[in-house]
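S.K.: Top to bottom, those sequences are chains W and X.
Start counting at 1 in the first sequence, then tack on 49, and there's your number in the numbering used here.
Start counting at 1 in the second sequence, then tack on 114, and there's your number in the numbering used here.
It should be emphasised that the hints constitute simulated quantities derived from the structure, not laboratory data.
Keep in mind it's a predicted model, so treat the numbers as computed, not measured.
One or more of the hints may lead you astray.
Residues from chain X shown here face chain W by an in silico Cβ test under 7 Å; the list is partial [as the list claims (entries may be wrong)]:
hint	residue
1	Leu167
2	Met169
3	Val170
4	Gln187
5	Val191
6	Arg194
7	Arg195
8	Phe199
9	Ser201
10	Asp205
11	Leu206
12	Phe207
13	Phe218
14	Ala221
15	Phe222
Far from chain W by the CB rule (all over 10 Å, computed), these chain X residues [to be verified]:
hint	residue
16	Gly174
17	Ala183
18	Arg228
19	Arg232
20	Arg236
21	Asp239
22	His294
23	Gly331
24	Gln344
25	Pro352
26	Pro354
Glycine residues also receive a C-beta, built at the ideal position from the N, C-alpha and C atoms.
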Amino acid sequence: MLWYKSWLDTRWRFLIGLALLVLAAFGIVLYYPEVVKLLPLVPSIDTSSGLGRRIKEAAELQRTYGGYIFSQWFGQTPTQIGTLFAVLLGSGGAVSQGAPLFTLSLPVSRNRLFAVRAAAGLAEWLVLALVPSLLIPLLSPAVGQTYGIGSALVHATCLFVVGAVFFSLALLLSTVFTDFWRPLLLACAAAFVLGLAELLARDLSRYGLFTLMRGEVYFRTGALPWQGLLVSAALSVSMLYGAAMNLARRDF
Amino acid sequence: MADAWVIETTDLRKTYDGTEALRGLTLQVPAGSVFGFLGKNGAGKTTTIKVLLGMVRPTGGDARVFGLAADAQPASVEIRRRTGFVSEDKDLFDYMDVETMIRFTAAFYPRWSRDLERRYLRKFDLPLDRKVKALSRGMRTKLALLVALCRGAELLVLDEPTSGLDPAMTEEVLQALVSHVAGEQMTVFFSSHQIAEVEQIADRVAIVDRGRVVVAGALDDLRESYRRIQLVFDREAPQPAFRAPGVVRVRRDRRVITVLSSAGAEAIVDEARALGPTSVDVVPVALKEIFLETVVGED
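Given these sequences and hints, build the entire structure.
M.R.: What follows is the structure, given as structure tokens:
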């Protein structure tokens, strides 16, 4: 029943996120023929300015279908919308939402309450990371292209593992604050600052969470970013552990 | 004797950010009693209940329910398994409908009684398909009571169960509670600042003030032992200094001295006669007076 409660607590956030990401996946795949028509215009882009150079680089990436999917899908939509929904799924926590005193009066330990909430949220986030990404190889034949399921899985894994960091951060903050909005806003602010830092410090961006989330290393070299994924997973586990400890100690 | 106490706290303390909510609260609730926990707003009633149910960790002292330490994690789960609870705000899941709320709660209690559930659904006339957030305050209280009563609990803990209800609804809720307790082997511990409802259903009472129990005992014993002794003088009343035990409070107002005693009124009267009053009256004291004298009187 705790699983059911967790589902009821988060179902609208999850379903809205899933609908948005699925629609975006459809849109991006089905729009590819239009992009192909624009590709002949790429050589005429003026590269004397920094902006022109970057537009040309981005456009060049789209000469292959794999590059297009990376730049338009894995590099953008799930990273941005996904981060927001990972944070949304973590916000509210195990007890703060709804009726805290009723929840705490149930014959269930706080650790179990937390474990179920965290596991249910992570399962929903896994679906958000996996399903729309796996739609890409399934939809690609509709535009006469192919995309490997293996590649989609690797990108979805990067998305899930790094998104779990933001999910865990929101869950941790939810054990500190009693309301829904402060954990959400603070976790979003943290993600925004990290994203901005990666954009400004391009030399260091290869160590950035969002670079890892996009699966950029895998796209460019074909190698799995094991170290980054392990560090992210460790970060999530530590934050979840901290959140569980916080919840166990907290007065309501 | 320890097993006879369903709830037992000793020198219980709780401090929130430097504010002392409980200041050495010592309390014993016997099995099978209907125990009224009376106090002003902010006296420490809700904090005590939260400590008993493991929602708040005490800063000091000891709290036991069914002989189990309330602040130990596995014991606390066992306490909650055997306890029904209704919070002051009637905390329930707003997004569930009445039936889902009942089924959700029932899933945690193996001793859940479907017969009682059916009986209270009929009695309270609760609409199964209505969302909890759409229920009136009274209906919400009834639902909170239903999910607390049907779980086969040995102890019912109610925090201000009738707060916010109109008199008719208050009466209905209290009657339901009384008739339930009459048919079940259970202990009821309920907090209130409504003296009338405590007098109506409680057989034992504790008055709490500023985090401490100031009066405790069987309601009949308190009524029996507390007396107001009024001494009237034909001159300015002398400054009294009673040595007899049981003097709770002495008030002196021109020609009148009023003494509230918790026991041994006869000895106090004997001592008072030595002051030379023109008249001495000894009258029984209602719970309301005891409350006002022991709680409000200390302000």
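S.K.: So which of the earlier hints does this model not fit?
M.R.: Violated hints: none; all satisfied.
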